[in-house]
Amino acid sequence: MNLTILSPEKEIFSGAVKSVKVPGTDGQFEILKNHAAIVSSLSKGEVRVIKDNGEKMTFNVEGGFVEMLNNEVSLLVSGVKED
203 MNLTILSPEK EIFSGAVKSV KVPGTDGQFE ILKNHAAIVS SLSKGEVRVI
253 KDNGEKMTFN VEGGFVEMLN NEVSLLVSGV KED
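One gets our numbering by counting positions in the sequence shown from 1 and adding 202 to each.
Please note that the accuracy of each hint is not assured.
[To be verified] Below 25 Å or equal to it, Euclidean Cα-Cα: the simulated DSS-like pairs (lysine-lysine) are:
#: 1; residue 1: 220; residue 2: 283
#: 2; residue 1: 246; residue 2: 212
#: 3; residue 1: 212; residue 2: 258
#: 4; residue 1: 283; residue 2: 258
#: 5; residue 1: 253; residue 2: 223
#: 6; residue 1: 258; residue 2: 220
#: 7; residue 1: 223; residue 2: 258
#: 8; residue 1: 235; residue 2: 220
#: 9; residue 1: 283; residue 2: 212
#: 10; residue 1: 258; residue 2: 246
No wet-lab data here; the hints were simulated from the structure. No experiment lies behind these values; they were computed from the predicted model shown.
Hey, can you work out the whole structure from these sequences and the hints?
Structure, rendered in structure tokens:
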């Protein structure tokens, strides 16, 4: 599946991933390939990404929204920092 992370200033990440863990406002959840379509708000916390090559990435976000549709994940976030 493909992931795009966008802030108001720029594109933070775009690429193929195996999984994405996000800090939903009702708790953390993971998105995998073929996940049901979803739109959810995000709280302050860590976004954890496992790329197709197995590399792990972590981004700290202040909040935002996530959308999953047809194996395309879009994160619209504010206050993002990569660890």
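Cross-check of the supplied hints:
1. The straight-line distance between the Cα atoms of residue 220 and residue 283 is roughly 21 Å, inside the 25 Å bound, and the hint therefore holds.
2. Under the criterion of a C-alpha separation no larger than 25 Å, the hint pairing residue 246 with residue 212 is consistent with the structure, at around 19 Å.
3. For the given pair, residue 212 sits about 21 Å from residue 258 by alpha-carbon distance, which is consistent with the 25 Å threshold.
4. A threshold of 25 Å between alpha carbons decides the hint, and for residue 283 with residue 258 the separation of about 15 Å falls inside it, so the pair holds.
5. A hinted pair counts as satisfied when its Cα atoms are at most 25 Å apart, and residue 253 with residue 223 qualifies at roughly 12 Å.
6. Distance restraint check for residue 258 and residue 220: the Cα-Cα separation of roughly 10 Å lies within the 25 Å cut-off, and the hinted pair is therefore satisfied.
7. Taking the CA atoms of residue 223 and residue 258, the gap is about 11 Å. The hint holds against a cut of 25 Å.
8. Simply put, residue 235 and residue 220 have alpha-carbon atoms about 7 Å apart, close enough for the 25 Å limit, and the pair holds.
9. Distance check on the hinted pair: residue 283 and residue 212 sit about 12 Å apart at the alpha-carbon level, within 25 Å; holds.
10. Under the criterion of a C-alpha separation no larger than 25 Å, the hint pairing residue 258 with residue 246 is consistent with the structure, at around 20 Å.
The structure fails none of the hints (numbered hints given earlier).
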